[in-house]
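Now for the letters of each chain:
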Amino acid sequence: MLIEFIPEVGHFALIVALFMALVQATLPLAGATLRKPLWMAFDRPMAAGQFGFLLLAYLALTLSYLLDDFSVANVAHNSNSMLPWYYKLSAVWGNHEGSVLLWSLMLSGWGFATAVRSRYLPRDMAARVIGVLGLVGVGFLLFVLLTSNPFERLLPNVPSDGADLNPLLQDFGLIVHPPMLYMGYVGFSVVFAFAIAALLGGRLDAAWTRWARPWTNVAWAFLTVGIALGSWWAYYELGWGGWWFWDPVENASLLPWLTGTALIHSLAVTEKRGAFKSWTVLLSIATFSLSLMGTFLVRSGVLTSVHAFANDPSRGFFILVLLAITVTLSLVIFALRAPKVGYSTSFTWFSRDALLLVNNVLLVIMTVTVLLGTLYPLILDSLGLGKISVGPPYFNALFVPLTVIMCLFMGLGPVARWKHMPPGELSRRLWLAGAAALVLGALAPLLYRGEWNLWVSLGIVIALWIVLPLVVDLVTKLRQAKSLKRGLSKQSLAYWGMWLGHVGLAVTIVGVAVVSHYNVERNVRMSPGTSVEVAGYRFTMTSLGERRGANFIADTSLIEVQREGASRHFTMHPEKRLYLATRMPMTQVALRPGLFRDLYVAMGEDLGDGSYAMRIQYKPFVRWLWLGGLLMALGGIIAVLDKRYRRAKAAEKSVQGACA
Amino acid sequence: MRAKRKQRLLIVLGLVGLAAIAVGLTLYALRANINLFFSPVQIAQGEAPIERQIRAGGMVKVGTVERDPTSLDIAFTVTDYVGDLEVYYSGILPDLFREGQGVVVVGELQADGRFRADQVLARHDENYMPPEVAQALEEAGYSPADFQTQRGQSDAADE
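Same order as they appear, the protein sequences are chains A and B. Here UniProt numbering is used: the first residue of the first sequence is 1, the next is one more, and so on. Here UniProt numbering is used: the first residue of the second sequence is 1, the next is one more, and so on.
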């Protein structure tokens with residue numbers, strides 16, 4: 001009896017949360033404008049209440065999953081009594097309705113966190129920020145309740161069992177990838193709220209950036225981890241060994257990441273130098289709008305991919321309207337309230353300011369090219385001009401050279417001084433690093449089985465050109481200190497964050513360059529006894545078998561792998577699974593991971609005569625891709641811990657040291 | 001003040017120039033990398049270009065899948081029930097490739113009218129039909145829903 005009551009509690013909590021969000025969106029904003037402290041005072045309690053009730057709703061849905069309440073349509077469509085409990089937990093967000101609920105929960109969570117931290121803000125600023133977050137919350141809660149209610153019931157004909165979770169999603173990667181990604185997407189709503197609040201209040205100063213920066217960094221770090229996890233998941237779960245497909249859904253997550261990266265850098269200039277103010281605000285708006293657009297693309301069903309759960313046009317339309325309202329409204333506010341263009345500061349072309357400007361311009365160009373390639377087919381299709389697709393060559397042809405150009409400037413950025421730096425001094429400091437990067441980069445590929453490849457070489461040169469100037473800079477800084485220990489501790493956490501972030505990108509670039517060109521793939525026909533050699537490893541199929549899992553049956557194979565010249569060998573166990581509830585086949589890849597190479601064996605189709613099609617791959621440095629992503633995210637987090645953000649008063653003198 | 005204004009003009013010109021280059025490159029890259037979709041009947045009527053990367057799709061005709069006994073070469077016919085397209089491919093097929101199911105193939109049409117596929121796509125969903133395929137079928141006078149319900153019923157019969 002009690003079980004059947006749970007979804008109703010959830011549904012009710014969702015409605016209460018909507019009303020709290022409505023109050024949160026109206027009273028504090030009006031109170032800030034009309035200077036009514038009592039109205040403003042509704043902000044924090046409402047933010048907390050909205051979060052509390054959404055948490056209740058979310059827990060109710062989770063409980064319905066755990067208790068196999070198939071009277072809830074959402075549970076019946078996406079779960080099954082045979083599903084292991086941890087997949088029941090993750091199945092909550094493995095579908096459209098649940099994932100939008102998670103989105104809203106996280107939004108209110110960020111709102112709550114902002115409310116908790118808002119006691120450092122001026123009263124009206126806090127009310128406005130929380131109010132804007134409330135507005136976004138209203139939009140999403142309406143979306144959930146009107147188009148995607150996760151608590152819809154199947155009464156009175158309750159199915160006896162559920163349809164099961166898509167087997168592709170029954171995986172650890174799925175447990176962690178969407179929440180991370182959403183945290184990133186949604187997190188940008190905070191800096192968006194800060195930007196709008198600052199425009200409304202006419203308070204766009206250094207203090208503003210100091211409040212907004214930590215939130216941006218944290219959201220960006222989550223998004224980075226989310227994208228890296230998605231790439232990792234695609235790599236081992238889809239069975240092709242690809243790690244980035246330029247799939248529209250991947251692009252949708254990359255777009256806010258690119259503008260978010262630009263935002264982090266332009267915030268640095270705004271804080272340190274008071275420049276680029278309007279630009280920073282515009283980037284905040286763009287980043288959040290692109291997050292919304294990503295949600296629209298993924299949730300509307302205009303795209304076909306693993307991520308597109310629902311093909312309900314009304315949902316797509318709703319998000320599109322939400323997106324249109326957000327963009328229009330914020331741009332109107334921007335147009336009316338943006339700070340008058342009056343450069344109080346000046347800088348020359350040889351300064352960190354200028355280099356960061358170049359960084360921003362390049363990142364925006366990258367965003368535009370990716371956006372164009374993603375939307376072009378959709379626009380043509382909606383105009384009835386034909387079905388086309390834009391393939392990876394387009395993206396590679398544009399993205400790779402742009403990245404290279406950006407990295408050239410990235411080497412200079414951290415070393416350059418604000419305002420002005422004589423070009424002679426810059427080149428004096430960096431010529432050695434540049435020469436070393438060129439020589440080492442040109443030679444490094446030779447270490448790799450003696451095969452020289454121009455592109456790998458270029459990748460390593462670029463990566464070294466990012467890392468070596470950072471090392472030079474650090475050494476110079478340490479020399480100025482009395483002792484090594486004191487020098488190390490004197491550097492601010494923001495500096496170390498920048499350091500790690502940049503090194504992370506270099507690590508990713510090395511991974512991309514090496515795995516793209518030294519990857520070895522062989523598709524072969526194998527039966528027990530067959531052996532193949534791939535990249536110095538001998539793969540021998542020793543036996544085929546069958547096994548039964550919790551909710552699937554699998555054809556298994558045993559592959560013995562021996563490295564050339566080594567006596568030891570190990571085994572790998574790729575599988576071909578058939579999930580019982582959905583009758584869906586799935587490839588379970590066998591992986592032998594390593595820091596410098598992955599071995600990757602996937603079982604293809606049964607060829608009928610006791611042999612199988614097998615895909616065997618040797619993937620050098622593929623782990624570096626994701627390792628770099630983790631380093632970048634770590635950098636973002638470390639920078640947030642910098643002590644200047646912990647100070648209550650914003651007007652204090654700026655802390656020395658560079659910042660990312 | 002003059003010098004400053006001049007500098008600002010330079011900045012603006014530089015940005016405009018960069019943007020122009022970017023747009024030019026983008027459009028060029030787009031033109032070179034667009035994959036158009038053709039249905040088998042369009043290909044049969046000679047609408048598709050030869051030896052350029054295109055996409056084609058339809059249903060895998062039942063009983064046409066032929067494997068080479070020693071390698072991973074495979075040939076099959078894709079149909080929209082009006083025109084047929086012979087496709088050959090070497091490699092591993094997606095998990096959901098099956099006779100009677102919708103597929104999209106990416107590759108080049110050869111002079112002999114056969115299609116050399118570099119990629120075969122089938123989606124991880126039993127009732128899914130690539131939208132291009134559904135539209136091609138509709139244009140050929142069939143309702144995609146018919147095939148889906150047929151499939152659904154045969155699935156139910158399996159269980």
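Warning: the hint list may mix true and false statements.
What the hints assert, rightly or not - In silico DSS-like links for lysine-lysine, alpha-carbon gap of 25 Å or less: (1) K6/B to K387/A; (2) K272/A to K643/A; (3) K419/A to K485/A; (4) K490/A to K643/A; (5) K6/B to K419/A; (6) K643/A to K482/A.
Claimed, not checked - If the Cβ cut is set under 10 Å, some of the chain A residues that face chain B in the computed set are: (7) T348; (8) I365; (9) L383; (10) I388; (11) S389; (12) P393; (13) Y394; (14) L398; (15) R525; (16) P528; (17) E605; (18) D609.
Calculated directly from the structure, the hints in this document are not laboratory data. None of these values were measured; they are calculated from a predicted model. Even glycine gets a Cβ: it sits at the ideal position worked out from N, Cα and C.
Per the CB criterion, is D609/A less than 10 Å away from chain B? Cβ of D609/A sits 7 Å from chain B, so the hint holds.
Take the C-alpha atoms of K272/A and K643/A, compute the straight-line distance between them, and say whether it is at most 25 Å. This hinted pair holds, its Cα atoms lying about 16 Å apart.
At a threshold of 10 Å, is the proposed contact between P393/A and chain B supported by beta-carbon distances? holds, 5 Å
Check whether the Cα positions of K6/B and K419/A lie no farther apart than 25 Å. holds, 18 Å
Less than 10 Å between beta-carbons is the criterion; does P528/A satisfy it with respect to chain B? At about 17 Å, which exceeds the 10 Å cut-off, the nearest Cβ of chain B leaves the hint on P528/A violated.
Is the shortest C-beta separation between E605/A and chain B less than 10 Å? holds, 6 Å
Within 25 Å, alpha carbon to alpha carbon, are K643/A and K482/A? holds, 22 Å
Does the structure keep K419/A and K485/A at a Cα separation of 25 Å or less? Status violated; Cα separation ~30 Å.
Interface hint status, S389/A versus chain B (Cβ within 10 Å): Hint holds; S389/A Cβ to chain B Cβ min 5 Å, cut 10 Å.
Take the shortest C-beta to C-beta distance between T348/A and chain B; is it under 10 Å? T348/A check passes; min Cβ-Cβ to chain B is 9 Å, inside 10 Å.
Mind checking the CB of Y394/A against every CB in chain B and telling me if the closest is under 10 Å? This hint holds: Y394/A lies near chain B, its Cβ roughly 4 Å from the closest one there, short of 10 Å.
Is the shortest C-beta separation between L383/A and chain B less than 10 Å? Constraint on L383/A not satisfied, violated at 15 Å.
Violated hints, listed in ascending order, are 1, 3, 9 and 16; each of the other numbered hints is respected by the structure.
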